[in-house]
Amino acid sequence: MSAFLAVLSRELRAYFYSPMAYVILACIQAYNGATFSYIVWVLSGPGAGGSATPLRIFFAPHFFFWLFLFVVVAVLTMRLIAEELRSGTIEPLMTSPVSEAQVVLGKYVAAFVFFLFLWAPTLVFVLIMGRWSEVDWGPIASGYLGIVGIGAVFMAVGIFGSSLSKSQIVAAILTFAMLTFFFFVSIAHDLATDETAKEIINHMNLMQHMDDFGKGIVDTRRLVYYVSTSALFLFFTSLALAAKKWR
Amino acid sequence: MNRNLMAFVAVLLAVPLYLMVNYLGGRHYQRFDWTGSGLYTLSEKSLQIVTGLDRDIEIHLILGAGAGGELFDAVDELLSQYQAANPEHIEKRVVDLAREPLEAERLAIGQGTAVVLESGDQRSYVNQFDLAEYDYSGAQFGQAPTLQAFKGEQLITSAILELAEDRKPKVVFTTGHGETTSTTGGPRALSVARAYFEQDNFEVEEWQSLGADAVPERTDLVVIAGPSAGFLESELELLSGYLDSGGRMLVLLESALSDSEMAGLGDAGGLSTWLGGYGIEVHDDFVVDPASQVAGAGPEEILTDSFGFHPIVEPLLERRIPVYFSLTRSMSTLAEARADLEITELVRTGDDAWGETDLENPEAYAQGEGDPGGPLALGIAVSFPVEPVSLPETAAETEAAEGENAPEQNAIEGDTPEEAEDEATEETGPEEARLVVFGDLDFATDMRVSSAGNSTLLVNTFNWLVQREHLIRIETPPPEQTSLNMTRSELLQVLFVVLLVMPGLAIVFGIWVYLRRRR
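Chains as they are written, first to last, in the working numbering: chain A, 1 to 247; chain B, 1001 to 1519.
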């Protein structure tokens, strides 16, 4: 446990003391701010009165949301293991009394905490909405739950991508490619005609999941999928790390 | 080598485990609605029907020609809830008209069809134009139409019921006494009420009771809606015979002002005395309740949320939903009523109300000495036990039953004692007679039925009368609507904060961290 905490604290310091992290934070703030501004502008216009709450629109998936998320996740996670492999610091880490699982978990949790930190300022949007309209806290909580779940999966994919190469750029590209797969799954859903295929694709359709969370619907299938997929990728990452140690 | 083999085996074990967890998670799941108003939660009525289904129903959501855009998503989500409520028997699938023309042809999808429900060779259709009601009042100010009511749940549940029930309950509206029509629309018509009946899978007919020697065969409910001419003695005897043998009746009266317009016929169309035989005293008055009057209307227009304890009004009582009555006749329970009658006052006025008996000077609004004082009953439910009788099968039914090897049972499972009792009732005829009387017709008319909780009161009354308590309606929450009342300067302030201040603060922090590290 102490080894895990040591890795976690080391990685958290690396994130929060890196100016790059704040550049990412500024970018994500600008993006979320622009989305929120658009929603506020539309809903305060004379033709307002649609059938969706503002934060549902905010959490509703659209192409740019996903593209932006993929880039952010790839940039946040590319360094995690690839940098250790490149600089050779992985060897002393692996020879110390720390298991692969503890290393992977420590790095993963740190990256995940930073990912959540990036979303924390959006709570200001909720307060702004509360000032001018009635806020239904349930869909807001479920919207954030969706972000947490999808973030957990994406960060796990990202750390796995980082374990596959010594180059951070290659790791980022690999992560981006794997995350794009999740996006194409949602397109495949519209193309599939077979009912079983549709059901399987729907199970993995993160766009649909996020739409549900944004509406205030929490489906246990989504949560099972996020936890199991995150666990699977973390397991693969541990194996990839162990394989490098064995060589 | 051994380690590589171990890693390979670990992957071989992990992947099937992952698939198994997701398969089980996909088979046994729950959907929770976290919205404050329960916007995405099926009503009790729908849940009871859906969870009790024991036959497979495939629900096809039509993409392309049916519900489009915003409504498509709403219907899609709604159907997901139905599937989640009973995944064993309900399956949702989307039919894309552009890509599945053969399937579209098989389902006989017509213009505007949004949803097709299919069970075996039976089908039921929901039209996209019936799915929602929009308010266009803001159109002249350039505002988009706003969704006033999404009626998807009512329609889908009704369609499921249609597939699940083997026999539709039959309702007859009496005619021949100037009753309000249910066949054509109008402020004082009952066409909307009739549509509610039909949505809940009732078969509706009109019946000329004058000269008839029996109530139509297999009638489940007789409705007398605002008669303006008297019933003959022979007709009342016929109705008594029907009710006393376990019949069900709904009587909607009008105020005594209408009696005076009936050229001296009076006596609530001849029904006052007859209703006395069932423990109800009908007053020759109209109710005035200044404490409950509707804003901007006279004190004879009443909005009341005072209800008795009865299944009909239970949902209204629980959620404090008022009902809107207009020019209502008051009633009371007769002290010397028969001992076997179970009488419940459904709707009451406030304490300050009175029954105005001065019909010559109705707008004086002053309580006279002979005027009955509040609280006054505006609606009364009566039930009493009857001897069960075996229902004779018609020749056609016998023939139909013989034609099928295994006649299907009612698809609603009867696990609870109440439901088991319902099933027994179907075989032997009702064991209880039920009668509901309202002193007001207006609350059920096209003009008023959508006001406050009127539609709930009316539909619950139908369903209690025909012993379909599992269909007692619960009001569905209104659709989400949001607009922000911001001034231009407030809007600019918000944009300034979210577009400049918040990203700017992140950059300032970044510079601070960078400078600190350099030091």
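Fair warning: there could be bad hints in the mix.
Here are a few chain A residues that sit away from chain B, every Cβ distance over 12 Å (derived from the structure) [unchecked claim]:
(1) Ala3
(2) Gly33
(3) Phe64
(4) Leu93
(5) Ser96
(6) Val113
(7) Phe125
(8) Ile128
(9) Val135
(10) Gln168
(11) Asn202
Cross-link-like lysine-lysine pairs, in silico, DSBU-like; alpha carbons within 30 Å at most [stated by the list, open to error]:
(12) A:Lys166 - A:Lys245
(13) B:Lys1151 - B:Lys1170
(14) A:Lys198 - B:Lys1170
(15) A:Lys198 - B:Lys1092
(16) B:Lys1168 - B:Lys1092
(17) A:Lys244 - A:Lys166
Calculated directly from the structure, the hints in this document are not laboratory data. Glycine is no exception: its CB is placed at the ideal position from the N, C-alpha and C atoms.
Tested hints:
Against chain B, the non-interface label of Ala3 of chain A holds: every CB pair exceeds 12 Å, the least being about 22 Å. Residue placement check: Gly33 of chain A does not keep its beta carbon more than 12 Å from all beta carbons of chain B (closest about 4 Å). Chain B leaves Phe64 of chain A outside its interface by the beta-carbon criterion, the shortest separation being 16 Å against a cut-off of 12 Å. Every Cβ of chain B is farther than 12 Å from the Cβ of Leu93 of chain A; the closest lies at roughly 19 Å, confirming the non-interface assignment.
Look at Ser96 of chain A: its CB is around 20 Å from the nearest CB on chain B, clear of 12 Å, so calling it non-interface holds up. Chain B leaves Val113 of chain A outside its interface by the beta-carbon criterion, the shortest separation being 17 Å against a cut-off of 12 Å. A cut-off of 12 Å between C-beta atoms contradicts the statement that Phe125 of chain A is not in contact with chain B; the least separation is 7 Å. A beta-carbon of chain B comes within 12 Å of the beta-carbon of Ile128 of chain A; the shortest separation is about 6 Å.
Once the 12 Å rule is applied to beta carbons, Val135 of chain A is inconsistent with being away from chain B; the minimum gap is 9 Å. At roughly 19 Å, the least C-beta separation between Gln168 of chain A and chain B is larger than 12 Å, which holds for a residue marked as non-interface. A Cβ of chain B approaches the Cβ of Asn202 of chain A within 12 Å, the least distance being about 9 Å, so the stated non-interface status is violated. For the hint pairing Lys166 of chain A with Lys245 of chain A, the CA-to-CA distance comes to about 14 Å; that is within 30 Å, so the pair holds.
With a C-alpha separation of about 24 Å, the suggested pair Lys1151 of chain B and Lys1170 of chain B falls inside the 30 Å cut-off, and the hint holds. Between Lys198 of chain A and Lys1170 of chain B the CA atoms are separated by roughly 42 Å; this puts the pair beyond 30 Å, and the hint is violated. For a cut-off of 30 Å, the pair hint linking Lys198 of chain A to Lys1092 of chain B stands: about 11 Å separates their Cα positions. A distance of roughly 25 Å separates the Cα atoms of Lys1168 of chain B and Lys1092 of chain B; the hinted pair therefore holds under the 30 Å criterion.
Between the alpha carbons of Lys244 of chain A and Lys166 of chain A the distance comes to roughly 11 Å, so the proposed pair stays at or under 30 Å and holds.
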